[in-house]
Amino acid sequence: MFPARWVKFGVLVAGLYLLSKATAIYLPIILATILAFVLNPVVNWLCSLSLGPKKQACSRPVAILLGFFLAALLLSLMATYILLPFAQESDKLADSLPALLIKIRTLTSTIEYRANMAEVPDNVRVLIDEGLARAAAFSVELAQRAINAFIGFASQVVELIVVPVLTYYFLKDWRDLKRMAVDLFPAGMRGKATVVIEEMGTVVSKYVRGQVLLSIIMGFIVFSGMYLLGLDYPLVLGLLAGLTEFIPIIGPIIGAIPAVLLAYATEPALALKVIIFYFLAQQLENHIILPKIMGHTIDLHPVFVMVSLLIGGQLYGIMGMMLAVPVAAILRVLLKHLWYYGEG
Numbered sequence: 096m097f098p099a100r101w102v103k104f105g106v107l108v109a110g111l112y113l114l115s116k117a118t119a120i121y122l123p124i125i126l127a128t129i130l131a132f133v134l135n136p137v138v139n140w141l142c143s144l145s146l147g148p149k150k151q152a153c154s155r156p157v158a159i160l161l162g163f164f165l166a167a168l169l170l171s172l173m174a175t176y177i178l179l180p181f182a183q184e185s186d187k188l189a190d191s192l193p194a195l196l197i198k199i200r201t202l203t204s205t206i207e208y209r210a211n212m213a214e215v216p217d218n219v220r221v222l223i224d225e226g227l228a229r230a231a232a233f234s235v236e237l238a239q240r241a242i243n244a245f246i247g248f249a250s251q252v253v254e255l256i257v258v259p260v261l262t263y264y265f266l267k268d269w270r271d272l273k274r275m276a277v278d279l280f281p282a283g284m285r286g287k288a289t290v291v292i293e294e295m296g297t298v299v300s301k302y303v304r305g306q307v308l309l310s311i312i313m314g315f316i317v318f319s320g321m322y323l324l325g326l327d328y329p330l331v332l333g334l335l336a337g338l339t340e341f342i343p344i345i346g347p348i349i350g351a352i353p354a355v356l357l358a359y360a361t362e363p364a365l366a367l368k369v370i371i372f373y374f375l376a377q378q379l380e381n382h383i384i385l386p387k388i389m390g391h392t393i394d395l396h397p398v399f400v401m402v403s404l405l406i407g408g409q410l411y412g413i414m415g416m417m418l419a420v421p422v423a424a425i426l427r428v429l430l431k432h433l434w435y436y437g438e439g
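Going left to right, the sequence shown walks through residues 96 to 439 as the working numbering numbers them.
Worth flagging that the hints you see were computed from the coordinates, not collected in a lab.
Worth double-checking, as some hints may not be accurate.
List of simulated lysine-lysine pairs, PhoX-like, C-alpha gap at most 25 Å [unchecked claim]:
id, residue 1, residue 2
1, K267, K287
2, K301, K187
3, K301, K273
4, K187, K198
Let the hints inform the model, and build the full structure from the sequences given.
Written as structure tokens, this is what we have:
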């Protein structure tokens, strides 16, 4: 007979293999995990309150339901004051997209003509022409990808119904789930396994909460800047900037490209102002906002961040890039403990 721990290990490997084949369930699990990490401090705070005439402590299931109610209230306010205007701006942007692309091509032709008249060297002219052509083509490709991503996300709405249920059980039974994971290890390793799991949970929870807050702040900054500069569709650009903040290093650059192209189609001089604004916003984020919010939560070298982004993007596209850094941080914690295992 096989030892019980090998049976447990085999079950774990088989479960991971099945998960690798059932990619459709990733999104609900990922969203439920993120929501659980975001709501957990709220639930813990509600559990510490004394409610009712008898001033009894709030039970965790009741605190979770209250947390869901507060989250639903916040989402309804966001839907009223952010999502509806965002949908209206998105419709206008989709309608005006062909005209904007024509403007970009017209301006590109004008610049090419002026370059020819200015007797620019042939090699420089070729570089300019190729750069402008790639920028115009990229704007079309970016719009198509955004539309396809939205359609793909909408097609999975039915699957997302399970997200609140998963979130509830993650919040309610986290300790039991952690104990079940620890019990998979031999008795002599369970203390170390508990430390590793708790450290991984701490790293991920701090990263998720910090990233959500950073996304909100940078989205608001970009929205305000685009509005003050007089650029059309500031809400769309602000939300796009907030979403791309979840992709480290290159995310802000991706979020800035549509704004620059839109400003370029409106007025070339405005594009320069937008570039300067995004540059200043990035400096503000890197030197003031990011250190205050994230600190040394992840503690990964930029090289490892870039490598993890490349691997995540190659395996799972945009979603893989968003998850690459927390996964890399989890692996770092795991490898650190494995490396020093047995040294005391």
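Evaluation of the provided hints:
no.	hint	result
1	K267 x K287	holds, 24 Å
2	K301 x K187	violated, 37 Å
3	K301 x K273	holds, 18 Å
4	K187 x K198	holds, 16 Å
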